[in-house]
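Could you put together the complete structure from these sequences and hints?
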Amino acid sequence: KQEVTQIPAALSVPEGENLVLNCSFTDSAIYNLQWFRQDPGKGLTSLLLIQSSQREQTSGRLNASLDKSSGRSTLYIAASQPGDSATYLCAAPYSGGGADGLTFGKGTHLIIQP
Amino acid sequence: DAGITQSPRHKVTETGTPVTLRCHQTENHRYMYWYRQDPGHGLRLIHYSYGVKDTDKGEVSDGYSVSRSKTEDFLLTLESATSSQTSVYFCAISESTLQELFFGEGSRLTVL
Chain A
15 KQEVTQIPAA LSVPEGENLV LNCSFTDSAI YNLQWFRQDP GKGLTSLLLI QSSQREQTSG
75 RLNASLDKSS GRSTLYIAAS QPGDSATYLC AAPYSGGGAD GLTFGKGTHL IIQP
Chain B
120 DAGITQSPRH KVTETGTPVT LRCHQTENHR YMYWYRQDPG HGLRLIHYSY GVKDTDKGEV
180 SDGYSVSRSK TEDFLLTLES ATSSQTSVYF CAISESTLQE LFFGEGSRLT VL
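Protein chains in written order, with this note's numbering: chain A, 15 to 128; chain B, 120 to 231.
Hints listed in this document are in silico derivations from the structure and should not be mistaken for laboratory results. Given the structure is predicted, the values throughout are model-derived calculations rather than measurements. Among the hints, erroneous ones may be present.
[Said to hold, decoys possible] Covered stretches of chain A, as calculated for chain B (at least 3 residues, CB under 8 Å):
#1 38-52
#2 98-108
#3 118-126
[To be verified] To give an idea of the chain A side of the interface with chain B (calculated C-beta under 7 Å), a few residues:
#4 23
#5 57
#6 58
#7 60
#8 64
By construction, the Cβ of each residue, glycine as well, lies at the ideal position given by its N, Cα and C atoms.
Right, here's the structure in full:
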């Protein structure tokens, strides 16, 4: 059974800082890993999907890395802005193929102070 | 944004009553999922579908049933709602197991 852990659970930093969110998973036989953002009272928004053949994926100020051998992924946010404040969730497939959905971490609640 | 509509968005009901939540997609994606999100537990998979009339159980399926008679609709039914089923329910879709998972806006259910 896949288990996903995210550290830290909460993070508060001043605007402009670069920061790293961490995600670890127990079953490394995954095809991909996905990062999401969730604003209060809203659904999840997909940020980045990293295939197992990739080591990194970038979108704007976001960069996600994947290291299957160590069971870790990181989400790097450059030049943070107050609008980045949200909960960030990491998710990996229940099983390698992923047909039976994703297992989610409990998220990192991020606050960017103006 | 992926075309996913959940209904109702908010519902208050009493213990023992049946409840059906609907997820409608306009993307023609094969896979559809129902999750619940609770403080302290995060997101947990209830049921999923990998095609019309093809469904399977997830991690927390007890007390829930699903149906998918058309590609675009995935229904979640609570036959007899209990207070422990008070939660926010999210529908998600995916074109394939290698593609992104997209979520609806959620349905907040309160069982009194």
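Numbers of unmet hints, in rising order
4, 8
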